[in-house]
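Visitor: One line per chain: the protein sequences are U and R, in this order.
With my numbering applied, the first sequence covers 1 to 463.
With my numbering applied, the second sequence covers 1 to 551.
Rather than coming from a laboratory, the hints here were simulated on the basis of the structure.
Each statement offered as a hint is correct.
With a cut-off of at most 20 Å between alpha-carbon atoms, the simulated EDC-like pairs for lysine to aspartate or glutamate come out as follows:
no., chain 1, residue 1, chain 2, residue 2
1, U, Lys136, U, Asp239
2, U, Lys347, R, Glu436
3, U, Lys447, R, Asp109
4, U, Lys422, R, Glu436
5, U, Lys88, U, Asp73
6, U, Lys325, U, Asp90
7, U, Lys381, R, Glu436
8, U, Lys60, U, Asp77
9, U, Lys447, R, Asp167
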Amino acid sequence: MRVIKYGDGWTRRHFMKQLGKGVAAAGLLTPLFDLIGRNGDCAAAYPPELLSIEAYTKGKLKAGDVLNANNVDLVKDLLDEVAYWQVKSDQRTIDLIATQTDVTKLLPGPYLEATLRNKGVHVVGADGNVWTKDGKPWIGGNPFPEAKTAQELLLQNALTSSTLYYDSVGYASKEWETNPDGNVDYVYEYIFVGYRTVGRTTLEPKPYLPSHETKLRINSQLFTAPEDLRGSSGLEIWDYDQHKLPTAHGFSPQTKRIRSVPADARFETAMAGAAWFTSDSSAAGDPVYTWGDFKIVGQGPFLAATHGNCHFGYPNWEVPLVGGKSGKKYFRTFMELVPEGYVVEMKPVGYPNCPYSRKLSWFDARTGVAPLIVMYDQEGKPFHQSEWFYDYAVKKPGMQWPEGMPDRFWASYLNMHMYDMKSGRMSRMGIVPRITGGYLNSIDDPKLYYEFCTLNAIRRLGR
Amino acid sequence: MIHFHPFLTRATAVLMVLLITAAVAFAEDSITILGATIGMQNVAETDWAISTAGKGNSFNSNFQKCTRHSQRGCGLATNDNSWNLMAYRLDTLLSLKLSNAQANALGFDSVEAFVHGRFWSDLAPYVDGALPAINAEGFRQRYAGNGWAAQVAEHEYELDAAEAYIDLQRGPLWIRLGKQQIVYGEELGIQTLDQVDSLDFRRHSLSNYSALEFSDARIAEWTLHATYDASNLLAPLYQDNAQFSTWISPDFQPDIFLPGGSPYSTSPAYSIIENQNGISRARHKLVYGAVLEGTMFDVDWSMNFYSTPEHIGWFKYVGQPLIGGAPNPAVFPLDNFRGAQLFGPAGGYRDALITREMPRINIYGGMLSYTIEPYKFPGAEILDGAQVRASGTYTPDMQFTGPNTLNPASPNVNRPTTVGELNLALDLERDVRWTEHAPSAYVFLEYNYRSRSDLFDDYLAQPAYGNHHDFNLAVIGITQPLASNRWQLVWVQEVEGNAGGSVFEQPAVVYKPRLGQEYRVFWNFATGTNHSFLGPSRYMDEIVFAALYRF
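Looking at chain R on its own, in the form it has when it is part of the complex (with noise of 0.2 Å):
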C-alpha cells in the first residue's frame, strides 16, 4: 500500500508539469569580470523510490516480526513500508577562471577554482507512517574535527560543499589545493585502486544509479595534491603519457554509515555506533600516497602507493562487554524501544553500543591496461577493440572485526583479526555492434577477487559469513545507446558466490529529451541471504524515478 502526502505528492506533480512544459532556456552559463569568468550552473533532482521488497528490512525490526512501532524492540523497524527514498536535492557548481594574462601575472599558466555545493533533503519518513522518523543524515555523526567536513546535517536535510578546491598549473606541473576527491583505478563499481577516498553510504549514495558509481559517494578531503607530467621526459625511455602525482591531506574522513531506521540500513537496529572515540583517534591521521602511471608499448601502467587510516575500520564494544558474566549497562544498556533480546528474554531488551578503531594501512598496487588492436588478432572479431585491464592491491596488516571480536563471551573479544589481503579486479570492456541499425553497445565485464573481506571490509572466514575465506565477484554491464542517444537502456548484473550466492541486478531507462531535462527509472534487485554479500539488499529492492533538471 503506498502512503502518498497528499500535498508534497500535489507539489511534486506540479513541479514535474513545469519541468516537462518548461521551455528551453539557453541561459549564459558564465559572465566575465574583470577578465576573470565566473560560471554557475546548478541541477535539481527528485529521486522517488517505491519499494518492491515486500518485506519490511529484518535488520530495523531487529529479526522479529513487527507489527506496530510501539512493540518492544520494534521502534526503528520499517515493516509494510511503501517508500524507500522520496528525495530532493540541489547541486550548484561554481568555477571561476582567470584570464591568461590574469594567471600569467600570478606565474602560472591557468588558475582556476571550483566549489561543488550540495543540499539533500528525504522527505519519505514524512509521507510513510511505516519509516521512523530518524535522524538519518546526522545521527551521531559528529566528532571533534568533523567542521572540515564543511557540512550541516540534519534530521531532514544535509548541507555540504562536496569540494572546493583552486587549480595552479604552470607547465608541466599542476597542484590542486582544497577539498577533493583523489581518484586513481580503472576499475567500476568496484574499489581495487580506487582506496584514497573513504565513502559516505547517505543519500541513497550505495544504490543510485549504477553509471554514477561513487562520485556522490567519496567523501572528499582537504588535501595538497600535486602532479608533474613527464610524458616528454620520459618519452626517450619508450614512455608515454607518463606522470607523477603525490598527495597529502591532514584531514582523514571515515566512511559515513546510515542509521538503524533506515529503509537502506544493513545492521541491526539494536547496534548504534558511535563514532567519537574511534574517529578521534583516527584524526589527525595523515593520508599520503603517490601514484607513478605512463604507457609503454601500447599498455597503460601505473604503480600506486596509498597510506590512509582504514575507512570502514574494525568494530568493537566501547567497554569491557561483561561484568562478572552479566551484561555491562554501559555497553548493553536496557532499551525498549530499538533494542533486543540479546542475553536471552531474562535479560531484557538491550543495544549493544560499539566503535570502532581505524589502524594505519599501507596499500602498494598497480594496473596494467591494453587494448587489443583490431585486424591483428586471431578470432579478431570477438575481441577487436576490447579493453582488457588487470588491477590488483596488497594491504599488509589489515584490521578486521574477526570471529570473536564482538562475541561478549570470548577472551578475544574487542581485539581484531590482522591479517593481509589481496584485492584484485580483471576487467574486459569493448563496444559491440550487434548491427548496423543501432548503435554499439557498451559491454563490461569484470571479476572482482579479495583474499579476506567482501566489499564492506567484512571479515569472510567466520560463521556470519558462511566461513569462506575468499570473496568472489562478476559483474557485467550494457549499455545499449538508441538512435541519437537521447535514450539508454542499461542492465548492470553483480554475482557473487559467498553464504550460497546473491545476486543483485539494476535494469535502467534513461532518457534526455531536450537540454537540460533528464529521466531516470531503474529497478533494484536483489536475492541471497543476509550472510551473503548482495542479499540484504533484496530489503531494499525498489523502483526509481529520478528526474533532473538543469539550469
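If we strip away everything but chain U, and leave its shape as in the complex, we get (with noise of 0.2 Å):
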C-alpha cells in the first residue's frame, strides 16, 4: 500500500485552486500527458486518495463494493446529482471496480499514437476551429490533450466524439425505452455509423479524404425494427466549422424517398417512449458554437463508468438490469473512481425556446473522453443525464465475441443510459451481436462509405 503523502484536503485545495485560475491543468504531482506519453501509466501523476475509492472514501468501500441506498451519502460527492438520486431513490446499484491506470486500456490505440505524435501542432484558429499551425484542418488523435479552456475541451470532442474515436464504425444497437417502473415500451434496433472524412489515422488515404477537407464526418443510422421504421434512414454530413449546423438527409417509408430535412431540431425525441434529444448524445452533441459561455465549473475526482463494462461476456451480451420499481430500470454498471476530472458548463446561445437552460459535462483528464452529460431545465433543476459505458475488451473463452473484430480492442460505445428526469423514462441502449436485417458491428472498416454514408446508400437500405 502507498504511503499516503498529502494530508486531508490537500487534493481540494488544488482543485479549487485551480478551478479559481479557471483553466484546466491534468496531473497533481507531474504533467499528466508527459507520463502518458512515457509509459501509459498515470498512477505517478496522482496521489493515492486519487487512484482508488478505498483510500477516498478512507476504507468505508472498496472496489468490489456494491453502491446503494444505504451507503451512496459516501461518494455524494463524487456522483451527479441525477446518478445519486437513481441509486438513493430509485433501487439503482452500481458496481465498483479499481482505477484503471493504464491509458492505452482508455482509448483506441491509433487515437493515442497520434495525439501523442501530433502534440502541439493544433490551435484554435481566428474563427474558433481547429487547426493545424500551418492552417490545415485537424490531422488526428486529441487535438487538445493538455487542454487548458473549456472552449479546449469541447472542440476535441466536438472533433472525435462522433464517430467514437475511430476513423469509422458501424454500432449495430439495441434501444430499449422504459416507463418510470422500469418496464420497456418499446424496443428499437438500428446501426449507427461514424466516418471521418478529416484526422484520419487508420483508414487510406490518410489523414484527409481528398476534396472533403471542409466537412468533418458523415454519420448515418439505419433502423431494422420494428415495422413501422424499419427502412428509415438518415444521413447527416457534418461541417468543419463549428458554426455551422449538418445538413440532413432522411429516407422515410412513408415517403419511399430521400428528402432533405431541417437538421435543427436538436432537442426533440425522435423515436416514441425514447428519453433524450439529438444534442444529448455527446458533450458536443451540436457544433461547438451553437452553444456559448463556456467554462470550467468544476475540477476533481468523479465516478464514471470508463472501464469495465464489456458484456460480450453475457448470454446474447445482455447486461443484467436493477433498480426501479421493476428491478429492471438500469443497466448493472462498473464505475471507477476517475483521479481527475473537468465539469464544463455551456449555454445554448443559439437555440430559441430551447428547453434547456445550460449543460454539464465531465471530462476524464487522463483521456477527453466525456462520459457523463447532464442537461438542466429552464428552471435550473436537473432535466436530462446521459451515461457512457466503455471497456476495453479482450477476447476471453465462452465469450460470443463481435464477428470479425480484432481480439483485443477499446470498446468506444457498449451502453449508454439516457435519462429524463421529469418523467421517468429511460432509454436504454447498447449494441448487440447482430441485429434484425443481419447488420454487425465494425471498426476502421472502409467498406461502411459505400455501405451506409452515401445518399445512395441510404436510398438502398430504405424500405
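With the hints as a guide, bring both chains together as one complex.
Guide: This is how it looks when you write it as C-alpha cells:
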C-alpha cells in the first residue's frame, strides 16, 4: 500500500485553486500527458486518494463493493445529482471497481498514438475552429490533450466523439425505452455509422479524404425494427466549421424517397417513448458554437463507467438489470474513481425556446472522453442525463465475440443510459451481436462509406 | 344511421381488446441460416371509415335522387351509407441478407433481397346495406399482361406482391432488380418530380392518413435500376453527394381507378372505363429515365428525365358514339341498373363505355433545395433552419381529354387535346419550437402550379372545370409531437382556387402506446363543387379509425 503523502484536503485545495484560475491542468504531482507519453500509465500523476475508492473513502468503500441507497452518501460528491438520485431513491445499484491507470486501455491505440505524435500541432484559429499551425484541418488524435480551457475540451470532443474515436464505426444497436417503473414499452434496432473525412489515422487516404477537407464526418443511422421504422434512414454530413449545423437527409418508408430535412431540431425525441434529444448524445452533441458561455465549473475526481463494462461475456450480450420498481430499469454498471476530471458548463445561446438552460459535461482528464452529461431545464433543475459505459474488450473463452473484430480493442460504445428526470422514462441502449436484418458491428472498415454513408446507400437501405 | 353487422363488430371488438391488452412481445425478427440472415415482420391493420358526409355520393346515383337500389339508374347508388370502409389488411415484409463473406464470394459488397406481401379486404358492402356489393378490387382491371402485377383481386379482397426485388452493391455501384417503386422528387402530397410510377386508387390509398403520402398507392413495376455514387469522383468540382441513376422497365402499369359504386368514386355510375383496349396498346411500352443529382455550395440539385406512357391517359368512347345521329348501342348500351338518361327521357337509361389511350410522354425536370443557415439571415428567427425547395417539370405534347373529346355530337369526339404542361412546386418546411415546454412542430407549406390540368390530369380549359387555364394548390401541414413522441397531433389543409374554390382538411391524432401498437383517428373533410378539384371529396367526408399491430 502506498503511503498517503498528501494530507486531508490537499487535493481538494489543489482543485479549488485550479478552478479559481479557470484553467485546466492535468496531473497533480507531475504533468499527466508527459507521463502518458512515457509509459502510458498515469499513476504517478496522482496521490493514492485519487487512485483508489478505498483510499478516497478511508476504507468505507472498496473495489468490489456495490453502491446502493445505504452507502451512496459516502460518495455523494463524486456523483452527478441524477445518478445520486437514481441510487438513493430509485433502487439503482452500481458496482465499484479499481481505477484503471493504464491509459492505453482507455482509448483506441491509433488515436492515442496520433495524440502523442501530433502534440502541439493544433491551435484554435481566429474563427474558433481547430487548425494545424500551418492552417490545415485537424490531422488526428486529441488536438488538445493538455486542454487548458472549456473551449478546447469541447472542440476536441466535437472532433472525435461522434465517430467514437475511430476513423469509422458501425455499431449495431438495440434501444429499450422504459416507463418510470422500468418496464419496457418500446424496443428499437438500428445501426449507427460514423465515418471521418479528416483527422484519419487508420483508413487510407489519411489524414484527409481528398476534396472532403471542409467536412468533418458523415453519420448515418438505419432502423431495422420495429416494422414502422424499418428502412428509415438518415444521413448527416457535418461541416468542419463548428458554427454550422449539419446537412441532413432522410429516407422514410412513408414517402419512399430521400428528402433533405431541417437539422435544427436538436431538442426533440426522435422515436416514440425515447427519453433523449439529439443534442444529448455527447458533450458537443451539436456544433460547438451553437452553444456558448463555456466555463470550467468543476475540477476533481468523479465516479464514471470509464472501463469494466464489456458485456460480451453475458448470453447474447444481455446486461443484467437493476433498480426501478420493476428491478429492471438500469443496466448493472461498473464505475471507477476517475482521478481527475473537469466539469464544463455551456449554455444554448443559439436555440430559441430551448428547453435547456445549461449543459454540464464531465471530462476525464486522462483521455478527454466525456462519459457523463447532465442537462438542466429552464428552472435550473436536472432534466436529462446521458451516461456512457466503456471498456477495453479482451477476447476470452466462452465469450460471444463480435464477428470480424480484433481480439482486443477499446470499445468506444458498449452501452448507454439516457434518462429523463421529469418523466422518469429511461432509454437504455447498447450494441448487440446482430440486429434484425443481419447488420454487424465494425471498426475502421473502409466499406462502411459506400455501404452506409452516401445518399445512394440510404436510398438502397430504405424500405 | 350506422349499420353494424353484429358478428363482425363483435369479432373486431374482441380483436381490439386482445391487441390493447396483449403482453409486449419481443420476438426475434430475424434468424441466421448458413450465414445469411432471413427476417420477417408483419403488420395487421384495421381501417374503419364512418361517413360524416350526410349525403350520398352523387356520382354513384348519376346525380339523381335515389331512394333504393332497385330504382332505375340507382343500382350503384350509395345514398344514406354509414360506412365508407371497413378494411382489414396484412402486410408481410420478408428480407434476406447474405453474409459479407457470401456477398464477397459473389463479387459484391452486399447482397440483399426484399419482398413485401400485401393482403387487403373491405367488408363495408357486407355490413352496410346502402353500399352495393360491387367488385371494387377486380372490376374490369384485367388485361393481357397484367399477370406481372403479381396480384389477385376479387370482390372482397386483393392480394399482391407490393414489392419484390434484390439489391446488389459493390463500392459506388448499386443495382436493384425486381418489382420496385421508383421515386424521385422531394415535394410532398403532390406529384411534380414523383411521376415515374402510376397510382392505384384502390385501398383507400388517396384518402388515407396524409403522412403515408403515395407509398401505398404507387404501383411498383418490374425494373432494372442502377445508381452510381460519384460523390468522391466529382468532389473536386465542388459537388457533394453526386449520384447518377438510370432505370428501365418493360412493365408499364397504368393508374388503376375505383369503379362506380365505391363510396370514393368520382366518375358517374353510367360511365364504364374499359381498360382492356387502351392498356393493351400501352403494354410493351418501356418506362425509362435518368436522374443526376448532387449538392453544390450547400444547394441540393437534381436534373430529371422520365419517359413513360401517360399514367391516366386520355379518355374516349370505345367506338363511334353516334350512328346516324342515334346512340351507338355498342358504346351506349341500355342499362336500367346503373345507366343514366344520357339522351333524354326518350333515350332510356344507358351506360357510356369509355376506354383510354396512354401515349408516350417525355418529362424534363429538376429541383433546387437549400437550408437557410441559422444566424446569418436577417430576421433569422422566422426562417432559421428552414428548408426552401423549388421543383419543376415540363412535359411537351401531353395529351388530355379535351372539351369535345367526349362530346358525342362534336366532330372532334374521340380526339385528344395536345399541349405542353408545366408543373411547378415551391415548398418551405421547418421545425418550429413554439415554447420550451413542447417539442418542435414540423411545419410544411407548399404551392403547386400546373399550367393545364389538375392532379388527376383533368384538362381545365373547358366548361366542366370552370374554363380555368391553370391549377393552383396550396398545402399546409403541421405535425406537433407531444412529450416522448408517443402522441402526435397532425393537421393538413389543401386549398385550390378553381371552380369557386375547394378545401380539404385532415386533422389527425396518432398514438403509439407501446411497442407494436399504433392508433390513428383522423377526419377527412372537404368543401367545394363537383367541378372543383377537391369538391367531390365532400361526398367522402369521414372519420377514420385505424388500429395497427406489428408482430
